[in-house]
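**Student:** Sequence:
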Amino acid sequence: MYALVDCNNFYASCERIFQPKLKKKPIVVLSNNDGCIIARSDEAKALNIPMGVPLYQIESLIKQHDVKVFSSNYALYGDLSNRVMQSLHALVPQLEVYSIDEAFLDLRQMPYHDLYAFGQEIRQTIWQWTGIPVSLGIAPTKTLAKAANRYVKAHAKETGVFVIEDNFTADIALAATPVEDIWGVGRRYGRFLAGHQIQTAFDLVQMPDSWIQKHLKIVGLRMVRELRGEICYGLELEPHPKKGICVSRSFSNTLTDLSLIEEAVATFAARCGEKLRKQKSCANLLHLFLFTNPHRENDPQYFGSKVLHFSAATHSGFDLVTMALKALKLIFKEGYRYKKAGVMVSGLVPENNTQTVLFDINEPKRLKDHRVFQTVDALNRKLGRDTIRIATQGKGWTTHQTQRSPCYTTRWEDLLVIDERIDFRGKHLRGLY
DNA sequence: TCTGGGGTCCTAGGACCC
DNA sequence: TCTGGGGTCCTAGGACCC
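Count the first sequence with the UniProt record's numbering and you get residues 1 to 433, in order.
No lab work stands behind these hints: they were computed from the structure. Where is the CB? At the ideal position from N, CA and C, for every residue including glycine. Fair warning: there could be bad hints in the mix.
The calculated label-pair distances, taken between Cβ atoms and stated as ranges, are [what the hints assert, rightly or not]:
hint : residue 1 : residue 2 : range
1    : Gln401    : Ile361    : 44 to 50 Å
2    : Trp412    : Thr125    : 25 to 31 Å
3    : Ala391    : Val219    : 42 to 48 Å
4    : Ala90     : Ala176    : 30 to 36 Å
5    : Ile218    : Asn167    : 23 to 29 Å
Derived DSSO-like pairs: lysine-lysine, alpha-carbon spacing no greater than 27 Å straight-line [what the hints assert, rightly or not]:
hint : residue 1 : residue 2
6    : Lys153    : Lys25
7    : Lys243    : Lys217
8    : Lys275    : Lys382
9    : Lys382    : Lys395
10   : Lys329    : Lys275
11   : Lys339    : Lys329
12   : Lys243    : Lys278
13   : Lys45     : Lys23
14   : Lys306    : Lys326
15   : Lys306    : Lys275
16   : Lys275    : Lys368
Kindly generate the complete structure, drawing on both the sequences and the hints.
**Tutor:** Set out below in structure tokens:
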């Protein structure tokens, strides 16, 4: 049996831990540049605030119901996610971290007979150790565990756990799962299935394999088999290295000036370098894109994109920034108001296994760069991101965030203050209270 | 005025090899 | 009049996930 553990309204729950007065209050969390709603508490969902809606479109609703609004704080969410995952790992050794707020557990080795009671124990423990509420779906396959988890949220919120252990409980969950809520059915397939009078997961599993494979392809067939209780996806215990890495941002204001776009692009390329070095990979290709604001239909639109090859795979910040700026010069056109850019690297290979070129005159430079960036990364880890950076990155490229909560768990200065008369070293402060 | 940022896998078609 | 049969690799696009 597998369990899918899912943190309830994860980002909103993270914010609430440190502001308990927000219990039972509607909370939303915003995307970069405070653009769209990307997370909602139950109370915000009850106000019919949709996922992904731009903040400015629901401004009056926010005011009317006194919804608490947060900019996204990924340092906080990432750290709390680690705590949840570590806590789960302490309870069940075999686990796959599936996303920032979800994990699959392998319960087969566990000496428990009452899975429902064990699910409750996990829930209580995570709540006690981290302050994050979680829900569990337990079932013979990952796709069914996903469906069981969704069933909890839709029909058994108070209990927080649902177990699919036989045909009877499977049919309950399948019949209660609309096709578009199945793990593996998106908007496109959802519309297609609705057009064929297939409303629920229960309807879908009745269809013949040949029909499924013809229309939903091999991935769809695996999904249906999993819904029928046949394991197609095992647990992936080791996180495998990424095959591509992308850093992209919208600009808070549209940019027209090449030098400002250069700063942004250099920053994205440098960030790709950090990610590459972190997973010990080198890139063979760099892909740059730059475009105008597609929402402003009256503005002239332009979508520029360019792929360049490195002569030898690299993760040097110098190489990446140089190549990104070269690509930028090739696609930049005067007279447009640019809104977003991004750098993607691909053709990734392990750093100790790169194919070099014959008569490689750059080898000394590569070795030197490697040492330089080991030092740069170490300094930035210790002193803060971008303390050491490439000059083209400018003074430090940031997004627009007005409502960000403190980094309670990752910065000394942001530690939650319980008694202002005592600082974090336990020293008494005079005259501050 | 204001609209996110990452990833994965599969398939079809074209260019090329013998 | 009649024009083979087997591969690989790469890319773009489309589906999906959080």
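**Student:** Tell me, which hint numbers fail for this structure?
**Tutor:** none
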